[in-house]
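Trainee: So the sequences go chain by chain: X and V.
UniProt numbering puts the first residue of the first sequence at 1, with every later residue one more than the last.
UniProt numbering puts the first residue of the second sequence at 1, with every later residue one more than the last.
It is possible that part of the hints are untrue.
[Said to hold, decoys possible] No more than 20 Å apart at the CA atoms, straight line, and that leaves these computed lysine to any residue pairs for SDA-like:
hint : chain 1 : residue 1 : chain 2 : residue 2
1    : X       : LYS64     : V       : LYS25
2    : X       : LYS78     : V       : THR70
3    : X       : LYS64     : V       : ASN79
4    : X       : LYS78     : V       : LEU11
5    : V       : LYS39     : X       : GLY32
6    : V       : LYS101    : X       : GLU96
The hints are simulated quantities; they were obtained by calculation from the structure and are not laboratory data.
Given next are the chains, with one letter for each unit.
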Amino acid sequence: MSQSVSQHIQQQIDKNPVMLFMKGDKLFPQCGFSAKVVQILNHMGVPFETENVLASAELRQGIKDFSQWPTVPQLYVKGEFVGGCDIVTDMYQTGELESLFAEKGITKADA
Amino acid sequence: MTQTLGATEALAPRAQRIVNILREKLSPSVLELKDDSKKHAHHHARIEAGEDGETHFVIRLRSAKFNGITRVARHRLVNELLADEFRSGLHSASFILQDEKSA
Chain X
1 MSQSVSQHIQ QQIDKNPVML FMKGDKLFPQ CGFSAKVVQI LNHMGVPFET
51 ENVLASAELR QGIKDFSQWP TVPQLYVKGE FVGGCDIVTD MYQTGELESL
101 FAEKGITKAD A
Chain V
1 MTQTLGATEA LAPRAQRIVN ILREKLSPSV LELKDDSKKH AHHHARIEAG
51 EDGETHFVIR LRSAKFNGIT RVARHRLVNE LLADEFRSGL HSASFILQDE
101 KSA
């Protein structure tokens with residue numbers, strides 16, 4: 001992974017409290033797993049940013065190396081790796097995701 | 001098709017390798033594997049892999065090895081065990097990873 005890609009990823013997760021690396025974008029996810037995480041975040045009403053890894057082959061591989069995680073989507077909250085679709089879904093269903101957001105001081109966009 | 005795996009079912013090559021690795025390393029009390037590749041027939045990774053490509057799996061696994069470790073740690077452990085499969089065309093696997101206490 002080139003230094004610039006890892007720097008770019010680090011900047012994204014530093015700058016955005018809830019940062020999702022995904023395939024496609026919020027409006028047009030290009031993968032069912034990415035779509036599901038977007039749906040959960042939308043439903044919870046927290047502000048989040050996304051980046052489309054399909055836009056760059058370097059980023060698509062770089063995010064996997066950066067997180068040491070072989071698949072996309074990948075969710076970061078306050079710079080910490082939370083997980084992919086399975087983990088986010090599970091945490092949403094058990095209420096742990098809401099607790100995590102509360103703990104990290106991330107409040108709903110309309111609150 | 002969900003298979004609760006006994007000793008002798010005939011599985012496609014990648015599925016068989018995955019099952020062998022997970023059995024050997026995690027001694028699971030429950031191991032179910034479903035090949036979901038056909039559901040992703042139009043997916044770019046499927047197209048690259050060809051018609052018989054085994055690219056998408058759903059795996060449910062319960063193991064005492066998961067006792068007391070976080071979800072991310074469980075997934076990292078399994079991802080690490082399957083690293084060669086990810087490198088050789090496995091595109092995604094969806095995991096349900098349970099410890100022996102959450103039964």
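Trainee: Does each hint fit the structure? Answer for all of them.
Mentor: Against the structure, the hints:
1. X/LYS64 x V/LYS25: Measuring from Cα to Cα gives roughly 24 Å; hence the hint is violated.
2. X/LYS78 x V/THR70: Holds, because 18 Å separates the two Cα atoms, which is no more than 20 Å.
3. X/LYS64 x V/ASN79: The hint holds at about 12 Å.
4. X/LYS78 x V/LEU11: 42 Å, violated
5. V/LYS39 x X/GLY32: 11 Å, holds
6. V/LYS101 x X/GLU96: 18 Å, holds
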